[in-house]
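> When you get a sec, could you build the whole thing from the sequences and use the hints?
Chains A and D, in that order, give the protein sequences. Just so you know, we're using my numbering here: the first sequence kicks off at 1 and counts up by one. Just so you know, we're using my numbering here: the second sequence kicks off at 1 and counts up by one.
In short, the hints are calculated from the structure, not lab data.
Identical chains share a label here; the pair holds if one copy fits it or two copies do between them.
Listed below are the simulated EDC-like cross-link pairs for lysine to aspartate or glutamate, each with C-alpha atoms no more than 16 Å apart in a straight line:
no., residue 1, residue 2
1, 25, 72
2, 160, 16
3, 25, 99
4, 194, 230
5, 25, 159
6, 386, 375
7, 194, 161
2 protein chains.
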Amino acid sequence: MRITDIRHVSAPLASEMSNAFISFKTMTTNVVAVETDVVRDGERVTGYGFSSNGRYAQPGLLASRFLPRLREADPASLLDETGENVDPQAIWRTLMANEKPGGHGERSFCIGALDMAVWDLHAKLAGRPLWTILSERYNGGRYDEAVLVYPGGGYYRADKDIEQLVAEMHGYRDAGYRICKMKVGGLPLADDLKRIEAAAEALGSGETLAVDANGRFALGEAIAFANAVEPFRLAWFEEPGDPLDYHLNAELVRHYPHAIATGENLFSHQDMNNLLRFGGLRPEIDWAQPDPSLCYGLTETLVMLDEAERLGWSRRRFLPHGGHQLGLNMAAGLQLGGTESYPGVFAPYGGFADDIPIVDGHVTLPRDQPGIGMELKPALMDEMRKRLELD
Amino acid sequence: MRITDIRHVSAPLASEMSNAFISFKTMTTNVVAVETDVVRDGERVTGYGFSSNGRYAQPGLLASRFLPRLREADPASLLDETGENVDPQAIWRTLMANEKPGGHGERSFCIGALDMAVWDLHAKLAGRPLWTILSERYNGGRYDEAVLVYPGGGYYRADKDIEQLVAEMHGYRDAGYRICKMKVGGLPLADDLKRIEAAAEALGSGETLAVDANGRFALGEAIAFANAVEPFRLAWFEEPGDPLDYHLNAELVRHYPHAIATGENLFSHQDMNNLLRFGGLRPEIDWAQPDPSLCYGLTETLVMLDEAERLGWSRRRFLPHGGHQLGLNMAAGLQLGGTESYPGVFAPYGGFADDIPIVDGHVTLPRDQPGIGMELKPALMDEMRKRLELD
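What follows is the structure, given as structure tokens:
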């Protein structure tokens, strides 16, 4: 087999939402398809990938820098030992040849989308769901039947009041979610506290509400916020300050006994190592949340998880950011702590298979769909194929 | 006055050289021109900028994401209080609106090139050399008459033997340089030691040779290398390991009494803060080497220097990477420790004004040329204007 074409496009992912740091009015994302000369059931076997929300697209980097390296490589060097499937790690190494170390942003997003497409293709050519391959190859055959998922919601919107926030949280509970997340840090503390109190009441007791400041707070503000929300016994307090301010994190945990979660804006194993070494996070309480679609893909995230284990961190403390099916496959096959979910936002990229039931905050995974499972989400497939001009 | 056009292009910067990490065979860089409606001496006042070597160009990011933000901004919001000059900080904030924190790479390179052009324009409209503005505005009017410069050379090339390396070092000494730098880490230790011994002998005594491993070594290798080169009393040992591996640095300095230098692959003040907090560097011995053209420009580098001072680091311990005239202006006007120089490589972007004399390892700066001084380097101006189709 061989790769016949790699298509890519910058697709719109715009919305009227905002978090404490940015508006999503002009958001875009990378969409990638890796086509092959293999035909099954009358269809060309193709892998699909995208970057999750929040960091824009990098079409120029793919076109001018990364795809030429694949085109110029010996096609056989991109295949695994069977010669009948792509080797995701070999492709990743080829993409990253002659790249200097450090500076992990942007290139990590477009390579993340491409790497997702390569793993989707790899699993499809193997005729298996990706999570079963991850389980077998990287987790001794173990896997989770059901994966904890939580909606990343509660965004700010100009016309959204507390009543609507409460209705959103009720909707998540009615859909089967147990832990739900809301945005904070975009309003004065007193106003945010009213929102938090209402959402917490809507969700009921038992560490069911998580809050996400999207890196907005300076240290003093983060401590003030932490003190104010301590009585709510939140599931976690996410991204209190700048994602690279490990000192802030280390100071904050001295003032806050409950869980902190962060890591969605760290895009390499080197950055994650630094968070775990210097950020003061407690391996028995806190959470790491890398986004595999943004941090150079599953390939790099596997390295990240291995390095974290060497630093004493169980995979169970990892909750992939981004609400996509790649995170879900990883959580099941590698037995992570769970993964984010976007039932209501970033459509059609956010969210899982259309008919996947959520039971007591957990989902099971399809057993028969080869690849990542994006074909079980027809609106996503339609959008990606339309943007890529594949129809 | 107003900005009438911003041109940008990905320009080739290819060569047959390599360091311990990458080849430069397909290297490119960002070139930017900011044009205005102001005409002086019959010429349209235009600011020029570029990214220094090693990290490729990002034309798609400028075109699709950053320049639209400037076009959509109220033109008056981009001017300083006089209304007759651009405000580099206001332009920077406009460029970075709706950008998430973290992920400092790629976007920092193209914004660095654009920010260089904006500061060049700002100084030209003020009719003054940039270094005098920096001195007045950020350094209480103090400046250095002469700036320490050192050539970043001694690259690997397939056909280059020790004799040629020695000739290169003699050439630098004959040109007036005192400290010279060579690449290491690309050959087995025993072979590199032969190169180092020959270069050190060529340069003579007195901490005149610096070596640069470009992030190649793991901790054990870095310690072995440090032990082997300790007798040479090097000026510094640069980028021993991965630029983000602060733990490696902190361990290494426990084994090496002489100077370490690093930081060219850290692209934000947050990353530099982490190096200074967690990297074990000694403010009285070691060196920090950010590249202003790669780390979001002079604007962000000014923040970086302020934050470093709060952490107890004198500006004198900063040696800007990149061998460009922006680093030279900063070193003079802000009284940094010096700056890198590329007399022989990365032409025409590397190097300073054509006729600038090097005396005992120091250069003086032109007093009359408004802006950064790129017009004193005609080959650079010709190349940039040709690539930008400005002639």
